[in-house]
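Numbering (full-length UniProt numbering), first residue to last: 1 to 119.
These are computed hints drawn from the structure, not numbers from a lab.
Just so we're clear, the structure is a prediction, and the values are computed from it rather than from any experiment.
Mixed in with the good hints, there may be bad ones.
Claimed, not checked - Cβ pair distances, simulated, as ranges: (1) 77 to 23: 13 to 21 Å; (2) 68 to 31: 22 to 30 Å; (3) 58 to 87: 41 to 49 Å; (4) 60 to 88: 46 to 54 Å; (5) 63 to 35: 34 to 42 Å; (6) 102 to 70: 15 to 23 Å; (7) 28 to 96: 20 to 28 Å.
Glycine included, every Cβ here is placed at the ideal spot set by N, Cα and C.
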Amino acid sequence: MAVADTALLERLIGREALETLISVAGGLVVYIPKNPPLDGPLAELPMPAQEALAAWAGGTELYVPKCDGAARAARDAAIRAAYDAGEPVQAIARRYRLTERWIYEILGRHEDDKQGDLF
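Turn these sequences into a full structure, and let the hints steer you where they fit.
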């Protein structure tokens, strides 16, 4: 079983197809058939991405990373942008299905990141 390197996969199938792959198969081991069309969750990919995956890893199992950290960072950035645009914390919390306290925690982390170190 090979572990997919997201940078390599992005070069191979493109960013949009990679995002689709992570959303449908992130955290799973998937079998890559030697010939497209691919089945299962991989059927969600556009045909050029299926062909590239089959040419690169056909006949093997591939672990697709979840990329939780990147997804969380993107979510947190969107939360900060919504707050900076004047959206109420209550509305942001409902949209992201988080508590208001957690929204404030995320916003506070952003403020900590902007704070310089004295030493």
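Check: Taking the CB of residue 28 and the CB of residue 96, does the distance hold inside 20 to 28 Å?
Finding: For residue 28 and residue 96 the Cβ distance comes to about 24 Å; the hint holds.
Checklist line | Range hint compliance [Cβ, residue 58 to residue 87, 41 to 49 Å] | finding: 46 Å, holds
Next item on the list: With 46 to 54 Å as the target window, see if residue 60 and residue 88 comply at their CB atoms.
Entry: This hint holds: roughly 49 Å between Cβ atoms.
Check: Could one say that the CB atoms of residue 63 and residue 35 fall in the range 34 to 42 Å?
Finding: Between residue 63 and residue 35, where Cβ atoms are some 21 Å apart, the hint is violated.
Next item on the list: Check the following: the C-beta atoms of residue 77 and residue 23 are separated by a distance inside 13 to 21 Å.
Entry: 18 Å, holds
Notebook entry, point to check: Has the hinted range 22 to 30 Å been met by the Cβ atoms of residue 68 and residue 31?
Noted result: Because 23 Å falls inside the window, the suggested range holds.
Next item on the list: Please test the hint of 15 to 23 Å on the beta carbon pair from residue 102 and residue 70.
Entry: 19 Å, holds
Checked against the numbered hints above, the structure breaks only hint 5 and satisfies the rest.
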